[in-house]
Amino acid sequence: MSSRPRLEVRGLTKRFGGLLAVNGVDLDIRPGEILGLIGPNGSGKSTVMKLIMGIERPDSGTVRLDGADIAGWPSHRIARAGIGIVFQHSRPLHRQTVLENIKLALLPDSLLRLAAAPGVDERARAIAESVGLGAVLQRHPSTLPFADLRRMEMAKAIARDPRVVLVDEPFAGLTGGEVATFSELIRGFRAEGRAVLLVDHNVKSVAALVDRVLAMYVGERIAEGSAEEVMRNETVRRVYLGGKIESVAHRTPAGAARAPLLELEGLNVFYGKAQALDQVALRVHEGEFVSMVGLNGAGKTTLFNAISGLVPYSGTIRYGGKSLAGMTAGTIARSGVVQCPETRELFGDMSVRENLDLGGQHLPRDKRERQLAWLLELFPILAERATQMARTLSGGEQQMLAIARALMMQPKLLILDEPTLGLAPVILEQISKALDRLRESTDITVLLGEQNVTFALPHADRVYLLEHARIIWEGTPARFAAEMGTGYL
Amino acid sequence: MLAQILRSRPLWIGLGTAVIAALLPFWLSAYLLGVLTAAYYFGVFAMAWDLLFGFAGEVNFGPTFLIGLGAYTAAILDNQWGPPIPLCILAGAVAAIIGGLLLALPALRLRGPYFGLVTLVAVLLLQNAIVIFAGITGGEIGMTVPDVLSIDATVNYWYSLAFLVVCALILFGLSRSAIGLILQASGQDAIEAQALGFNVTKHKLAAFCISALFSGVAGAMLVFYLGTASVDTVIDISIGVQVIIAAVLGGRRTILGAVLGAVFLILATEFLRPLGQLNTFVVAAVALGVILFVPDGLLGYALRRGERE
Numbered sequence: 001m002s003s004r005p006r007l008e009v010r011g012l013t014k015r016f017g018g019l020l021a022v023n024g025v026d027l028d029i030r031p032g033e034i035l036g037l038i039g040p041n042g043s044g045k046s047t048v049m050k051l052i053m054g055i056e057r058p059d060s061g062t063v064r065l066d067g068a069d070i071a072g073w074p075s076h077r078i079a080r081a082g083i084g085i086v087f088q089h090s091r092p093l094h095r096q097t098v099l100e101n102i103k104l105a106l107l108p109d110s111l112l113r114l115a116a117a118p119g120v121d122e123r124a125r126a127i128a129e130s131v132g133l134g135a136v137l138q139r140h141p142s143t144l145p146f147a148d149l150r151r152m153e154m155a156k157a158i159a160r161d162p163r164v165v166l167v168d169e170p171f172a173g174l175t176g177g178e179v180a181t182f183s184e185l186i187r188g189f190r191a192e193g194r195a196v197l198l199v200d201h202n203v204k205s206v207a208a209l210v211d212r213v214l215a216m217y218v219g220e221r222i223a224e225g226s227a228e229e230v231m232r233n234e235t236v237r238r239v240y241l242g243g244k245i246e247s248v249a250h251r252t253p254a255g256a257a258r259a260p261l262l263e264l265e266g267l268n269v270f271y272g273k274a275q276a277l278d279q280v281a282l283r284v285h286e287g288e289f290v291s292m293v294g295l296n297g298a299g300k301t302t303l304f305n306a307i308s309g310l311v312p313y314s315g316t317i318r319y320g321g322k323s324l325a326g327m328t329a330g331t332i333a334r335s336g337v338v339q340c341p342e343t344r345e346l347f348g349d350m351s352v353r354e355n356l357d358l359g360g361q362h363l364p365r366d367k368r369e370r371q372l373a374w375l376l377e378l379f380p381i382l383a384e385r386a387t388q389m390a391r392t393l394s395g396g397e398q399q400m401l402a403i404a405r406a407l408m409m410q411p412k413l414l415i416l417d418e419p420t421l422g423l424a425p426v427i428l429e430q431i432s433k434a435l436d437r438l439r440e441s442t443d444i445t446v447l448l449g450e451q452n453v454t455f456a457l458p459h460a461d462r463v464y465l466l467e468h469a470r471i472i473w474e475g476t477p478a479r480f481a482a483e484m485g486t487g488y489l
Numbered sequence: 001m002l003a004q005i006l007r008s009r010p011l012w013i014g015l016g017t018a019v020i021a022a023l024l025p026f027w028l029s030a031y032l033l034g035v036l037t038a039a040y041y042f043g044v045f046a047m048a049w050d051l052l053f054g055f056a057g058e059v060n061f062g063p064t065f066l067i068g069l070g071a072y073t074a075a076i077l078d079n080q081w082g083p084p085i086p087l088c089i090l091a092g093a094v095a096a097i098i099g100g101l102l103l104a105l106p107a108l109r110l111r112g113p114y115f116g117l118v119t120l121v122a123v124l125l126l127q128n129a130i131v132i133f134a135g136i137t138g139g140e141i142g143m144t145v146p147d148v149l150s151i152d153a154t155v156n157y158w159y160s161l162a163f164l165v166v167c168a169l170i171l172f173g174l175s176r177s178a179i180g181l182i183l184q185a186s187g188q189d190a191i192e193a194q195a196l197g198f199n200v201t202k203h204k205l206a207a208f209c210i211s212a213l214f215s216g217v218a219g220a221m222l223v224f225y226l227g228t229a230s231v232d233t234v235i236d237i238s239i240g241v242q243v244i245i246a247a248v249l250g251g252r253r254t255i256l257g258a259v260l261g262a263v264f265l266i267l268a269t270e271f272l273r274p275l276g277q278l279n280t281f282v283v284a285a286v287a288l289g290v291i292l293f294v295p296d297g298l299l300g301y302a303l304r305r306g307e308r309e
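Line by line, the protein sequences give chains A and B.
Note that this note's numbering has the first sequence beginning at 1, numbered continuously upward.
Note that this note's numbering has the second sequence beginning at 1, numbered continuously upward.
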């Protein structure tokens with residue numbers, strides 16, 4: 001292994017409006033080395049990848065490829081300089097065959113070369129063969145299974161013969177056997193002396209493959225070392241699992257004695273060919289607080305969207321004993337199942353007050369006023385910001401507004417999807433306290449989706465763990481740390 | 001890649017159709033030939049639009065901006081100084097390309113509907129400019145040009161057919177070439193195209209220029225066929241909408257489908273003329289039906305069927 005890094009990143013910084021997405025990140029990758037870049041959702045790892053590729057322009061910092069600073073170059077120049085990327089999602093050319101899609105990557109960036117150079121066809125075939133697409137060369141992408149589409153993306157990256165390969169979530173949506181094949185392909189990159197950066201959510205998924213791991217949290221590097229070292233690292237454990245997981249004693253250890261408010265059985269959801277939910281079954285009893293824990297891409301949002309009637313599914317969803325099948329999203333929301341989505345979906349150009357009023361639109365005036373007064377007590381900051389445009393609020397304030405707006409609808413079942421996304425720890429504590437008060441003062445049932453276990457566990461009566469579209473564990477918060485703690489890292 | 005183009009089925013079907021079309025003057029009346037002549041120019045408008053929208057993915061709601069620039073530049077030049085027709089057409093082409101580059105500037109900054117709005121406004125601006133400078137443009141009434149391509153319907157027909165075939169060969173060949181592939185990639189996923197090392201800006205600018213070139217030349221040719229240039233025939237928004245409908249009807253991203261759509265649209269309008277006011281309504285309804293139920297368009301649908309086999 002040569003000592004000089006092939007890719008050398010120093011002080012990489014990127015700001016999106018008020019959010020410091022990446023804050024002074026340094027990283028090195030040597031030729032023939034695989035570096036895992038991990039971090040929970042919103043940690044800035046994808047932004048780092050985009051900054052290296054030039055898809056976003058860094059505000060400051062350097063990105064050196066074999067010594068030449070390429071920071072701030074347009075994407076296509078960076079690509080020509082020798083950095084390739086394997087996107088997690090891509091839109092292949094649907095009118096063209098697999099072979100033509102691979103040939104695309106072999107074309108020169110020229111307006112004058114109308115025909116591909118001789119030999120391109122042969123090379124494209126050889127590359128396709130090497131990633132295992134030999135049998136489907138003449139098929140169209142839309143007829144391929146998901147794994148083959150990923151192979152095609154891999155083939156396109158190989159075709160560019162890059163010195164550095166960036167791979168976004170290499171194994172998302174793949175089965176065990178496919179993971180092995182793709183791992184082999186990535187090891188092949190290493191053997192050929194390329195520098196590889198794998199971006200993923202947790203150490204576990206890339207541990208077997210990487211030489212080193214760099215962990216990020218809220219835009220900063222928090223740990224670096226071998227996979228084992230990073231998994232043992234205290235900061236990393238705190239970020240993923242929380243310092244000490246404690247469950248607050250709740251009024252009633254609500255549970256089986258009470259009637260189930262929400263019941264799911266055999267729920268399946270497909271996005272095209274990728275299965276997003278696989279035979280999911282769960283129950284939420286009245287007055288219960290249930291946390292659905294899972295990494296990004298596990299299927300949490302899909303699950304909530306299925307309950308809210310926003311994505312088609314097979315299987316049954318019963319709410320208060322009645323099937324929700326065939327009901328529109330609007331009807332479901334009015335019947336008391338209110339979702340506070342991950343993306344918040346605030347009306348950015350309306351004031352805080354207007355956003356809240358919209359949530360309470362269906363209530364009679366006096367009730368609405370009472371509900372509003374109660375919510376402003378729960379989230380005092382919103383009273384101060386009442387006339388401000390929602391767009392101008394900080395991330396934490398926006399999240400509080402989103403929760404408050406959902407509560408204006410007086411839900412019986414509140415679904416909270418990743419309320420902690422991209423928020424600083426201090427804000428999490430405020431939201432956490434508000435949830436505590438909410439539980440003390442009302443009889444509301446809550447279904448919380450989280451990848452941040454620290455946030456998800458203390459409130460929960462029961463926890464489900466969702467992984468790769470399946471529920472793989474169910475139990476109390478106390479048991480979670482003991483049984484699932486390390487597996488979740 | 002040339003061998004591949006030569007093996008392409010649409011090409012041979014297209015050439016066969018062209019041969020049949022070339023023989024039509026022996027059967028058809030001068031009147032019908034006239035209708036087809038206009039339809040062929042229209043076909044070129046639609047193909048040029050398809051290259052920009054279907055391939056490069058740029059939502060151009062105002063194809064008549066480029067067409068009108070070419071048409072009026074040629075007409076004004078002919079009217080004022082009377083140089084030979086080819087020179088007028090060349091000037092029209094240059095003006096259209098400049099217009100295409102002007103249009104490309106906002107396109108590289110704005111996305112989707114906003115750029116679409118800019119293209120609409122561009123048409124309105126051009127229309128206003130023509131009315132304001134009525135002294136040399138003829139304003140709302142339009143202007144006649146002293147020179148025409150020919151006064152013989154059959155000759156005019158052959159001119160337009162030959163022009164259509166040449167344009168179709170070039171544009172179709174381009175769409176199947178390496179550049180066509182890169183353009184499609186840029187239109188569908190610009191970020192990925194860039195990550196594959198393609199200068200998307202450069203390729204899109206080229207698409208704007210090529211689309212403008214063919215729009216402008218076709219617009220100028222149409223003027224010298226009709227003997228007049230008027231807002232109603234080459235600039236009005238409704239003409240632009242018809243160009244778009246023709247391309248979508250025939251099948252986006254097929255180039256040749258645009259010709260099919262244009263001929264269908266113009267012939268349908270002509271044959272339904274006895275319906276009076278209902279005419280446009282019926283044609284629009286048919287177009288709407290095709291767009292709703294066969295979103296790939298006529299040729300696109302046929303190709304899809306072919307792919308599945």
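Source of the hints: derived by calculation from the structure; they are not laboratory data.
All C-beta atoms, glycine included, are put in the ideal place defined by N, C-alpha and C.
Be aware that a few hints might be false.
[Stated by the list, open to error] Which bits of chain B does chain A cover? Going by a derived footprint, with three or more residues having C-beta under 8 Å, they are:
| # | segment |
| --- | --- |
| 1 | 267–273 |
| 2 | 276–289 |
[What the hints assert, rightly or not] A short list of chain B residues far from chain A (calculated; beta carbon distances all over 10 Å):
| # | residue |
| --- | --- |
| 3 | Leu15 |
| 4 | Ala22 |
| 5 | Gly112 |
| 6 | Pro113 |
| 7 | Val118 |
| 8 | Ile132 |
| 9 | Leu161 |
| 10 | Leu174 |
| 11 | Ala185 |
| 12 | Ala193 |
| 13 | Leu196 |
| 14 | Phe293 |
| 15 | Arg305 |
message: Of all the hints numbered above, which does this structure not satisfy? Sort the numbers upward.
response: 1, 2, 10, 11, 12, 13
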